[in-house]
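The residues making up each chain are set out below.
Protein chains: 2
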Amino acid sequence: MSKPVTLSEPGFSPHQLNKYASLLALGNGYMGIRASHEEAYTQQTRGMFLAGLYHRAGKDDITELVNLPDVTGVDIFLNGEPFSLLSGTLEGWQREMDFSSGELMRSLIWRASDGARFAIESRRFASAEQLPLLAMTLSITPLDGDASIALSTGIDATITNHGRQHLDETQVRVFGQHLLQGIYTTQDGHSEISVSTHCLINGEEQSCFTAKERRLMQHTHAQVKAGERLTLEKLTWVEWTTGRDVSLETWGQQGLRRLEACVAQGYQALLTQSAVNWQNWWQHRRVQVSSVNEDDQRALDFALYHLRIMTPSHDERCSIGAKGLSGEGYKGHVFWDTEVFLLPFHVFTEPAIARNLLRYRWHNLAGAREKARKNGWQGALFPWESARSGEEETPEFAAINIRTGLRQKVASAQAEHHLVADIAWAVVNYWQATGDEPFMSREGVTLLLETARFWISRTTDVNGRLEIHDVIGPDEYTEHVNNNAFTNYMAYYNVSQALYFARRYGCGDEAFIHRAEHFLQHLWLPGAQTDGILPQDDSFLSKPVIDLAMYKTKAGKQTILLDYSRAEVNEMQILKQADVVMLMYMLSELFTPVVCQANLNFYERRTIHDSSLSKAIHGIVAARCGNTHQGYQFWRDGARIDLGDDPHSCDDGIHAAATGAIWLGAIQGFAGLNVCNGELHLHPQLPEEWQKLTFPLCWQGSEITIALSQQSVHIESSSPVTLFLKGTPVTVVDKYSASLTDFISAVNGTATTHKEDE
Amino acid sequence: MSKPVTLSEPGFSPHQLNKYASLLALGNGYMGIRASHEEAYTQQTRGMFLAGLYHRAGKDDITELVNLPDVTGVDIFLNGEPFSLLSGTLEGWQREMDFSSGELMRSLIWRASDGARFAIESRRFASAEQLPLLAMTLSITPLDGDASIALSTGIDATITNHGRQHLDETQVRVFGQHLLQGIYTTQDGHSEISVSTHCLINGEEQSCFTAKERRLMQHTHAQVKAGERLTLEKLTWVEWTTGRDVSLETWGQQGLRRLEACVAQGYQALLTQSAVNWQNWWQHRRVQVSSVNEDDQRALDFALYHLRIMTPSHDERCSIGAKGLSGEGYKGHVFWDTEVFLLPFHVFTEPAIARNLLRYRWHNLAGAREKARKNGWQGALFPWESARSGEEETPEFAAINIRTGLRQKVASAQAEHHLVADIAWAVVNYWQATGDEPFMSREGVTLLLETARFWISRTTDVNGRLEIHDVIGPDEYTEHVNNNAFTNYMAYYNVSQALYFARRYGCGDEAFIHRAEHFLQHLWLPGAQTDGILPQDDSFLSKPVIDLAMYKTKAGKQTILLDYSRAEVNEMQILKQADVVMLMYMLSELFTPVVCQANLNFYERRTIHDSSLSKAIHGIVAARCGNTHQGYQFWRDGARIDLGDDPHSCDDGIHAAATGAIWLGAIQGFAGLNVCNGELHLHPQLPEEWQKLTFPLCWQGSEITIALSQQSVHIESSSPVTLFLKGTPVTVVDKYSASLTDFISAVNGTATTHKEDE
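Chains as they are written, first to last, in our numbering: chain B, 171 to 928; chain P, 171 to 928.
It cannot be assumed that every hint is accurate.
Claimed, not checked - Which stretches of chain B does chain P cover? Using the computed rule of at least three CB atoms under 8 Å from a CB of chain P, they are: (1) 204-216; (2) 322-332.
What the hints assert, rightly or not - Distance condition first, Cα-Cα at most 20 Å in a straight line; then the derived SDA-like pairs of lysine to any residue: (3) Lys-382/B x Asp-230/P; (4) Lys-722/P x Arg-775/P; (5) Lys-382/P x His-332/B; (6) Lys-229/B x Ala-568/B; (7) Lys-382/B x Gly-333/P; (8) Lys-862/P x Gln-881/P; (9) Lys-382/P x Arg-736/B; (10) Lys-727/B x Phe-379/P; (11) Lys-382/B x Pro-565/P; (12) Lys-229/B x Asp-230/P; (13) Lys-579/P x Glu-419/B; (14) Lys-382/B x Ala-581/P.
Keep in mind that the hints were calculated from the coordinates and are not lab data.
Just so you know, these numbers come straight off a predicted model, no measurement behind them.
Virtual Cβ for every residue (Gly too), placed ideally from N, Cα, C.
Next up, chain B with everything else stripped away, as it sits in the complex (with noise of 0.2 Å):
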């Protein structure tokens, strides 16, 4: 495996401080540190994280995922001039997350006003190897003459989630000349978090620390020789609890001592054992890719990079937020996204992390029974937006309405509830790769029976035919319609998993597995036209269409809200994303791949691809029908999502579920893996751009490499695993190859559900 690439920040912008804060965010899945520059700006949004440490700041407001007290700002004077890239001359600059080791760094050369230059780096990490622990480094060199440096930096309390308050500060205090420490509370006094941080900075210099404000900080005052340089080595170990069994003294004293451990050991021998894990870790998920374009490969090691750092497989009471850890947006709240766009990854790279996502829906089933009850239904309603109670945490405002001036109300608590098809989806996916029984017969099954209880009991009875009424899809554009096309297929797909494995593990009563039956029978699905085109529900094609060209040039920026109120949007043919495409994708075995292109080129040209979710999906059915082109413009614009020029486009955090969706876009759509009936199938079908496509997988136990050309196969496994190439079962003892040209392709879509097994 050659090493990872690195991602760069082209220059300073005041424009792009939080994209790049996003972009180059460091973490480690229990912790996440926005890439904030030491000096402060007024635009740049700072933020640390813990995965799952969540509280509500106010009564009416919502449980958000806590922006922590930051440890990553210094002020810093030089001859009594605070630093600043606004004023001044930078004269070099490099800045750049090595993705290899997880290390961020930043080097520059800066002219104050008054001529004097400055070489400043900086590098910092956090480490893969010890979760709690956070490392920096900032060196100054005064170049044209001696120089008098002044640093204060400390922990920094004053932070907020946009103004919203969630920590109380419990114990401030110094311990001997360089430690320092502060005890933070949830107001709600659920949570404890203790920031330990060691300043080291070397030579003969001055220090103070004052504790005002909610600022605990070290002031630091060095004369400095030209050519010298100052170095401060920051070290900081963040813990949290919410069940303390020890005194809050011993709880902080033993965060102390983990952090004088590392102390002892310095950065640079941190930084090496925490570049090790990466390494071991690349060498088993890397994807690598020959391609005319560069940035493809840089995208894929982003993605890689970030689905690593974004996921808390260390606590399976959380889940991977819609921005990961890398910001603010959506509040941390965990979406469909997870099981939808990132679990694949996990289930094909790490399935014990696949697991664990799927045993956090399982833990909080309580608070899904308890949605479905409330509503009036059975089984398990899981909350739209999730935290870590898995209580139903969606706002109930967003934007403006135009013509009332009033905050529109969001509707996916309400009726955005496939989401319960497709965690079932996932259970099933995950089963399939993985054939772990254990999990399956357990917590698999009793996700499938509980989730196919909410649709049985979600159906209205229209003249002995099961509708499901009043529902919204994934496009979120088309609210509050009957019998929208995915979910009443992904309803259908969730009822009929639950029945087999019901009957398999035995554990269905005659009462659900009659009433399952009844469902199946009875559910209408929606079937397609003479044109093939399938009704994205019973009243969309009804709907007037408008000339979406101008909102389809700013996709992702919603601006057709600017134009319509969302009640108005709903009454056209306007989607958000398209549902019947991702039903295409989600259920492939159902649909041809005619029957997918003209679904694809019919609700495409209704598409803005407002949603992060939307052109990856449309990449992946592209690839399948064999379009590769259109598919390989579909994964670009994807993975421009976060790494485009848009200078907003990830302010508040990274797209999750886009950095999921480069990883399936490769895989799925290029490398065509797909799973059939409990069986592994590649298509390859390399976009022309790309000479070579290499990647690993686990499949039911065994570790699979497999390298793709234009026109080769070659597939290593480590135990003996079949496969079907281009719909051909291929048996791999340890290596194999062939030439792609001695396959014809099996036609799409003849495998079957396990419905049809029955």
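Using the hints provided, position chain P relative to the given structure of chain B.
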């Protein structure tokens, strides 16, 4: 009366953003608004406060003056680049507060990094006529070419008190195309605040609104031709309530209607109304001085301007915070500063306001009684720090102890009891100047009796001698001492005045009279030593002396606490301010000038003047001793506490007491105004730098104007009044002039207290 001067900020510096945000703050006693720039800077602390609107942000946190959502901020984009004075070049600059009208103005020419110049001018005022109104304009003229200008402004509720959140967002809404309203509720549910704002922009422009992350914003974009001016006129109406008796909707609408009435008039008409109000105000308040030092007049105008804007004359349920309404310092709490340093100005210029301020204490007697009771004493022990409820609000902790690393406890609430007598002193002062029998016979005598009861219960009987143990005097560097001279003498004064007025109004019972007499007979009043030095307390003179020169050069910064812990400071002859000097100021009739001068000399050498209350009082005592030269130096030092060169001297608000002391120094120091035994005395002795001093005075219902020169005095009075010029009674009917050399100074300190009358 000539027009009050202006205060200018000499240039832009990121170092002094907060100093000038305090110095040039707007206000009207109802609200205070820091003079932050429209554009943001990382170190710039915005602030808008309403008198009396306090809240506690967390369980163990401190009640503080709530920093409200901001309306003065405007994000300005010129040709796509954010406007900031840290970038580009400043080619013209003027910024000043016009004390005559209360209008703040900034006018500048800025060259962007691409060379294009812009003229930017902004103006603001808080209406003196309509208290909830804040008005501002911002105009931008591209000078070198057509420009695209974008402005984002609105109501920004991301503002916190350094990370402490007080407000929940209850409702945000846009009305029509220009009216924005946010309604906020303190998290305890007690107070509701409505902020309504209207943005009018001239010419062709496009606007849209966003409500996200606690910011309700109007975004405007315009193309402006070279030489043409884009103007934003923004009017804001801020109301609050603690007991709303109409629906939220109706209450919100009231604010909107009032705002709309202002909008109909426009900035200029509203300014004119407010300026007329200011003109009338100055007419009856302004102190005019002809000095060789021009900034003496500026200091006086500055002081009076702030004395007005900090004072909630509309509401006797709140008083004046130690930083007025100009910043978050001291959490907006009310200290003895109000009664001792601020009240005299009101007593002698608008006694009704002084009465309100005393009634604030009277309203809060319940809390003071409760505090006394809880601590095992009787009567009223007023809280050392007070907010709206009158409960004790002193923070538990101050700065980090440099020895232990723990935050040091604040002892003032436990032991700094002289405040009780200070309030009694202020009550008597008010009565002497006004003869307000209705007040004195009800609130006044009640305050005197309850405070006296406290002192009577506060003593310790040591072999028949009553002592007062374990107190802190005004000098907070000396804690937990016995028989603090200031405290004992003031307690004696308190009880003697209570006894006098109890008899006068026949309202003290026999038991009280008996106990008061016993107290006065047995209270230990330490006398002067043979060298004339009055010991500050029982132990002070036995403590070691250290060289304070280094600390005195940094007076006000408490640098001694960087070298010594509070406990260590306590064990040395180190004064933050001199108690004995303070005592000689407050009870001047008890001490001869010779004794005063000896104590001034002795204690000043031991005083760092780390308290902003220190130097001005030294100045008055020096002047009263005839040492005008020294008095003037102290007075000027006092004026420089806020107005001096230290760029951070008043970052978190101006020093309210120090502004009061600027007036005190001129009137009580150099005009020599003193009230002895209910008689008005003048001992004019202008510093040699002053040619003339003219000021108005209210005395017993008469409006008097006094004009002093080095040689002469000229007095006018609205009704016949008798006063003492250098000890000689003079009756003024209409007008009176005399040469000062005609008077031989009577000896100070021969007047008596009421005690001796009895």
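Verification of the supplied hints:
1. By the rule of at least three residues with a Cβ nearer than 8 Å to a Cβ of chain P, the coverage given for the stretch 204-216 of chain B holds, with 4 such residues.
2. For the stretch 322-332 of chain B, the assignment as covered by chain P holds, since 5 residues bring a beta-carbon within under 8 Å of that chain's beta-carbons and 3 suffice.
3. The suggested pairing of Lys-382/B with Asp-230/P holds, with an alpha-carbon distance near 15 Å, which does not exceed 20 Å.
4. For the hint pairing Lys-722/P with Arg-775/P, the CA-to-CA distance comes to about 9 Å; that is within 20 Å, so the pair holds.
5. A hinted pair counts as satisfied when its Cα atoms are at most 20 Å apart, and Lys-382/P with His-332/B qualifies at roughly 10 Å.
6. A hinted pair counts as satisfied when its Cα atoms are at most 20 Å apart, and Lys-229/B with Ala-568/B qualifies at roughly 18 Å.
7. Note on Lys-382/B and Gly-333/P: the hinted pairing holds, with a Cα-Cα distance of about 12 Å set against a maximum of 20 Å.
8. Taking the CA atoms of Lys-862/P and Gln-881/P, the gap is about 9 Å. The hint holds against a cut of 20 Å.
9. For the hint linking Lys-382/P to Arg-736/B, the alpha-carbon distance of about 17 Å falls within 20 Å, and the restraint holds.
10. With a C-alpha separation of about 15 Å, the suggested pairing of Lys-727/B with Phe-379/P holds against the 20 Å cut-off.
11. For the proposed pair Lys-382/B and Pro-565/P, the alpha carbon gap of about 12 Å is at most 20 Å, so the pair holds.
12. A threshold of 20 Å between alpha carbons decides the hint, and for Lys-229/B with Asp-230/P the separation of about 19 Å falls inside it, so the pair holds.
13. The suggested pairing of Lys-579/P with Glu-419/B holds, with an alpha-carbon distance near 18 Å, which does not exceed 20 Å.
14. For the proposed pair Lys-382/B and Ala-581/P, the alpha carbon gap of about 18 Å is at most 20 Å, so the pair holds.
Going through the hint list in order, the structure satisfies each hint without exception.
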